[in-house]
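From first to last, the protein sequence lines stand for chains A and B.
Just so we're aligned: 159 in UniProt numbering is position 159 of the first sequence, and the numbers increase by one with no gaps anywhere.
Just so we're aligned: 192 in UniProt numbering is position 192 of the second sequence, and the numbers increase by one with no gaps anywhere.
It is worth saying that the hints were derived from the structure and are not from the lab.
You may find that some hints are simply not true.
Since the list gives no way to pick out one identical chain from another, each pair is judged satisfied if it fits inside one copy or across any two copies.
Derived PhoX-like pairs: lysine-lysine, alpha-carbon spacing no greater than 25 Å straight-line [claimed, not checked]:
(1) K6 with K202
(2) K115 with K202
(3) K50 with K6
(4) K163 with K50
(5) K287 with K297
Quantities reported herein were computed from a predicted structural model and do not represent experimental measurements.
2 protein chains.
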Amino acid sequence: MQDTPKGSRLHIAIFGRRNAGKSSLINALTNQDIALVSDVPGTTTDPVYKAMEILPIGPVMIIDTAGIDDVGDLGTLRVERTMQVLHKADLAIIVVEPESGVTEYEHSLISAMRKRNLPVVCVLNKTDLYPVDEKQVETWKQALDIAILPISARTGAGIEELKGLIIRNAPDDWEGPPIIGDLINPGDMVVLVVPIDLAAPKGRLILPQVQTIRDLLDNDACAVVVKERELKEVLENMAGPPRMVVTDSQEFMKVSADTPPGVLLTSFSILFARHKGDLETLVAGAKAVDHLKAGDKVLISEGCTHHRQADDIGRVKIPRWLRQTVGDELSFEWTAGSTFPENLQQYKLIVHCGACMLNRREMLYRLAVAREAGVPIVNYGLLIAKVHGILQRALKPFPLAQLILEDK
Amino acid sequence: MQDTPKGSRLHIAIFGRRNAGKSSLINALTNQDIALVSDVPGTTTDPVYKAMEILPIGPVMIIDTAGIDDVGDLGTLRVERTMQVLHKADLAIIVVEPESGVTEYEHSLISAMRKRNLPVVCVLNKTDLYPVDEKQVETWKQALDIAILPISARTGAGIEELKGLIIRNAPDDWEGPPIIGDLINPGDMVVLVVPIDLAAPKGRLILPQVQTIRDLLDNDACAVVVKERELKEVLENMAGPPRMVVTDSQEFMKVSADTPPGVLLTSFSILFARHKGDLETLVAGAKAVDHLKAGDKVLISEGCTHHRQADDIGRVKIPRWLRQTVGDELSFEWTAGSTFPENLQQYKLIVHCGACMLNRREMLYRLAVAREAGVPIVNYGLLIAKVHGILQRALKPFPLAQLILEDK
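Assemble the whole structure, with the sequences as input and the hints as a guide.
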């Protein structure tokens, strides 16, 4: 049985000072109906990600900030880690306990969250040990300008109400638009072109392919999965044209040639650009390729640290295509994993991977940082379509993105 | 990027006494070209499974027996753990070091391995510290009746030769027959019926479905993936009949009704019964259902400990179907995970899950234990087809299994 992907889990960050009972709260949320699926321990100041199932919320990723709580001085590293969590979380819970009460720590956290439009829920823990002082709680509520739910992680009191608060406060759009479900009709046949190259581990498909098949099934459609070499034959074996062809970006050229002009064609990368982020921003980024000049600095950013292939897309192919398009040398820099530089002004273009290992909120954060710095940002799939001259065709299913592309 | 499934990894068990350098050897094999993908620590006497990539061997599962090595007395638990490893390993490496030399421990290990037809490779480690005493090594070779390769895990001397030995000694058939690749021709279209029920985690497909799609692509065929509800419509939208329809066992009845009589139909469970074990043994087990009588004891065995559903297949559905077929009460017992009882004579039938979390060698071991005890064994998919009266149709792609079914 395969696990729900990270990106399809509501990310809930739990903050609070060391004695506030963060771990007990996680246990209280989990012991009821959930299973601890995985536990990725980090270094002392790294948050720990716990993939869990909380009924009736569904699959979540709990970000346990136990390592970065407010003990001793709030050093630079601690602040940085906190900010990284705020960029990934879809919702935050702040745990307060009666003895220490509400301090500067909670105030500054809530203010940072509000600045980032991050929904936050505040609980007062340990009501089993300390009777709730209504007057005191009222003072805190007014100071923080937030409702405070009294709970006891130990007895379970208030935990069901907390789950309700999580559901009501989670942003409606945390999952983003569907991968493909809204572009098709029930009963449609959609052809997925899946090349089997060295990067595909034996016996598996890569995550975006599996997620797209699943989204088609969830929307009562049919996925016709085929390698690029058999595509033409398969299209001939269908009684009519498919609703759409979706291809791995690296086979765009061949697939475009083999797909009749009347059939909609796009790529997994473009579907995920929309699902995980903001297609329009990335299309604007693709157009910026036309303005690159010799010597310009380009940042290539990957969300994970995968094994490099001999002909690695980020390290070899994209630099080569960009050089060929610009017709001159460019200067490249790379980042991988959860690192994303703050100082982006030095770059003329950012090329981001498909972000299959990032959640939507983190991708939106990166897009926002790029936008604030005034640096165009594009992803692998859109860039590949652009440099091969097939972006216009690939954007046909997305009228708004097409308008941006054609806007001079 | 998804990882190669456990069952598609050559399982290599590493044995040796505590000072023999098992960990250094694993590091030597790994530091060269591999990445430690996962590390599942067990209790003190449990072996540790390390999913790794060793070039040019490919994805392997190293079984590190550090916890069950020969220190102190060889208690019952230690022997039991060793035997469990021997039932899972496709190949064993015994690490000897010059100071302790070859003892009763190595002798008894090799003899147990030979009894189980388990290929074994023997290395003499620490050649960087101790010059190889050719005469001594010759004595050991003759005593153990096995070649002994001198290596140094620390310097890397002999490691490439060891990899060659692993490749040459690995059983040819450790992966079993293909999932579906040998039943189809290049260019074929194969319809896969994938119901989306509560057991399917959000955004994912279950492993056997992904593996079947991948095997079709690897064999230049096309996978048409559809839910049971849309199957009829999809079959009408194809220019001709598909080569085969493969369904989740739980939808066998509906899919059989919707698939024209001339089209081959089978299930993922039956494909995996063949790929992971021995289809003929399991077909014989399915026939044994006809001989069950009131009060008979049935063992239901699952290879993993998954979350139970309300209408769980192993706990609820199969007992219900068997009771309905027999028309009387039966007595059920269950095992889950790596537990498989040795004392099987008390059962009249064993019903095993699809074994997606077991490797082929472990499944073959369980089949052998059942055979020795004279107890028929069937798997979920074959049993479901049997009790619904569609086993004959589902076995059409497998002539030998069909003969066994029809043999009175």
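We went through each hint and held it up to the structure:
1. K6 with K202: Close inside one copy (22 Å) and across copies (11 Å); limit 25 Å.
2. K115 with K202: Result: close neither inside a copy nor across copies, 45 Å intra and 32 Å inter.
3. K50 with K6: both (10 Å within a copy, 23 Å between copies)
4. K163 with K50: Answer is within; shortest intra-copy Cα gap is 17 Å, inter-copy 37 Å.
5. K287 with K297: Close inside one copy (16 Å), not across copies (70 Å); limit 25 Å.
The structure shown violates just one earlier hint, number 2.
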